[in-house]
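> Produce the entire structure from the sequences given, and follow the hints as far as they go.
Read off the chains here:
2 protein chains.
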Amino acid sequence: MTQADATRALAPAVILVRPQLAVNIGTTARAMANFGLSDLRLVAPREGWPPVEPHKGAAEAAASGAIGLLGTARVFDTTQAAIADLHRVYATTARERGQGKPIMTPSAAMSDDVSALAPDAKVGILFGPERTGLDNDDVVLADAVITFPVDQAYGSLNLAQAVLLVAYEWFKAARGDHAPFGPVEHSKPAVKNDVMSLFDFLEEELTKAGYFRPEEKMPIMRRNLRNILQRSVLSEQDVRTLRGVIVRLIEGPRLPGRRRELRRNLENRSPAGD
Amino acid sequence: MTQADATRALAPAVILVRPQLAVNIGTTARAMANFGLSDLRLVAPREGWPPVEPHKGAAEAAASGAIGLLGTARVFDTTQAAIADLHRVYATTARERGQGKPIMTPSAAMSDDVSALAPDAKVGILFGPERTGLDNDDVVLADAVITFPVDQAYGSLNLAQAVLLVAYEWFKAARGDHAPFGPVEHSKPAVKNDVMSLFDFLEEELTKAGYFRPEEKMPIMRRNLRNILQRSVLSEQDVRTLRGVIVRLIEGPRLPGRRRELRRNLENRSPAGD
Chain A
0 MTQADATRAL
10 APAVILVRPQ
20 LAVNIGTTAR
30 AMANFGLSDL
40 RLVAPREGWP
50 PVEPHKGAAE
60 AAASGAIGLL
70 GTARVFDTTQ
80 AAIADLHRVY
90 ATTARERGQG
100 KPIMTPSAAM
110 SDDVSALAPD
120 AKVGILFGPE
130 RTGLDNDDVV
140 LADAVITFPV
150 DQAYGSLNLA
160 QAVLLVAYEW
170 FKAARGDHAP
180 FGPVEHSKPA
190 VKNDVMSLFD
200 FLEEELTKAG
210 YFRPEEKMPI
220 MRRNLRNILQ
230 RSVLSEQDVR
240 TLRGVIVRLI
250 EGPRLPGRRR
260 ELRRNLENRS
270 PAGD
Chain B
0 MTQADATRAL
10 APAVILVRPQ
20 LAVNIGTTAR
30 AMANFGLSDL
40 RLVAPREGWP
50 PVEPHKGAAE
60 AAASGAIGLL
70 GTARVFDTTQ
80 AAIADLHRVY
90 ATTARERGQG
100 KPIMTPSAAM
110 SDDVSALAPD
120 AKVGILFGPE
130 RTGLDNDDVV
140 LADAVITFPV
150 DQAYGSLNLA
160 QAVLLVAYEW
170 FKAARGDHAP
180 FGPVEHSKPA
190 VKNDVMSLFD
200 FLEEELTKAG
210 YFRPEEKMPI
220 MRRNLRNILQ
230 RSVLSEQDVR
240 TLRGVIVRLI
250 EGPRLPGRRR
260 ELRRNLENRS
270 PAGD
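Residue numbers (numbering that gives the first Met the number 0), protein chains in the order written: chain A, 0 to 273; chain B, 0 to 273.
A hint or two may mislead.
It does not matter which identical chain is meant; a pair holds if it fits inside one copy or across any two.
To be verified - Restricting the straight-line Cα-Cα distance to at most 20 Å, the calculated cross-link-like pairs of lysine to aspartate or glutamate (DMTMM-like) are:
# : residue 1 : residue 2
1 : Lys187    : Glu95
2 : Lys191    : Glu203
3 : Lys100    : Asp176
4 : Lys55     : Glu129
5 : Lys100    : Glu184
Since the hints were derived computationally from the structure, they do not count as laboratory data.
Structure below.
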């Protein structure tokens, strides 16, 4: 992906060829909406379109919040009519069809291949009926074949899941593979002085408690302990939390005298007090 | 992915936490089987496990050929119990949870992050109930958060589709993003001599027919025509097919004398006759 590709905004059309079940049209609509696709085309859907009840209700329930896509779906009698205005068409198949077309994974097709097209080229992807997949007469209409990297022991993807994977790969290529949110920082990362001061405090208390035995092992024990805490990438709040934990462990619930002594120690060692 | 990663064989466990609908457990099983996952764990499924009818039938229909996974699914009372034997756990969430954990896309988690683990580390991925997603008490059990690069206008993935995307990214990282089959070569690619001979024949016939007008445009017209056919990457059979097409166009249906003349011409120009 180059920078220029990242701005490619023309989302591909999804063309369901002779889908058998209206409920799968609903699930397809939802998968499309998840990844910013909206051009849904239906070729001769078996349960009609819009379908009658109970198929209509099933499709709408499956579409969930993407129900709007069901209203804008266009119906065609033939695959030829459905692809007439498109510039490049892919056929999804689970088997080799002996038609000598380029065969691509969803990521190869939706990133490299689609990126190589003119920016205003309209792309469409054909998906066949649930039971049988696309006819060879549908495959011949396509420029290239998309197939899925699946476990050969059980390679049968359901219709909406095949749509989902292609839409997902298009979205990643066009909009980038970014998490839609990052971690919220409730507390700033601790500066090294705070972290080292915590380590010093812990080690001093452990020395008093006779933890470092035998004495010649102290350097390695200390190093291991520091590395365990270091891996946690502590925030300012985390350092305060751990100081509190250590104090509580030492004090226990019933030693008010020792408590005051430790408090003084803790305050003297804090960065502000140094 | 390095070469070593490609051999990573330990497929992650999928842990559905308090799934509401048994049918979604079936769809999840199918999505797992598509990408070579088999370790399915259920925490307190609302419809029980194994479920009673009609939920049982719905789950089995949704699992399709992956029905075996429903039989080997293990049920746990708590998320803690379900992850006890795992080494690294991811929580899938659609929103930031303010827990300061690393946040990754499925591909980042399943390729780079999982690859960095010891080869025999067991990985698990937590998926929450359909309506609400994971509780914060479940998220805290995880080492990192996985979230999906989705269109923010409609980011709600259904349960099995979230499982599908993580399983798909694991499969691509572990087994490679390869189409499971390539094009079958019914005929060998044509050698350049055959292709150039076809071009010569076509141009000779077009010259006779007065196609190249005005004459000074002939070089560019010829070049364009050759480039159109060149892009088709012709096989030996394709060259024979196109020769037959040209002959038929010239001859038409009713000129036996002209036919014999052309046949002679064609034979003289074939590579064997040169």
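> Now, for every hint given, state plainly whether the structure supports it.
Status of each hint after checking the structure:
For the homomeric pair Lys187 and Glu95, the shortest alpha-carbon distance between copies (17 Å) is at most 20 Å, but the shortest distance inside one copy (55 Å) is not. For the homomeric pair Lys191 and Glu203, the shortest alpha-carbon distance inside one copy (18 Å) is at most 20 Å, but the shortest distance between copies (82 Å) is not. Taking identical chains as interchangeable, the C-alpha atoms of Lys100 and Asp176 lie at most 20 Å apart only when they sit on different chains, with a minimum of 19 Å there against 29 Å within one chain. Taking the closest pair of Cα atoms, Lys55 and Glu129 come within 20 Å of each other only inside a single copy of the chain (18 Å); across copies the shortest separation is 22 Å, beyond that limit.
In this assembly of identical chains, the alpha carbons of Lys100 and Glu184 lie at most 20 Å apart only when taken from different copies (10 Å versus 50 Å within one copy).
Violated hints are absent here; each numbered hint is respected by the structure.
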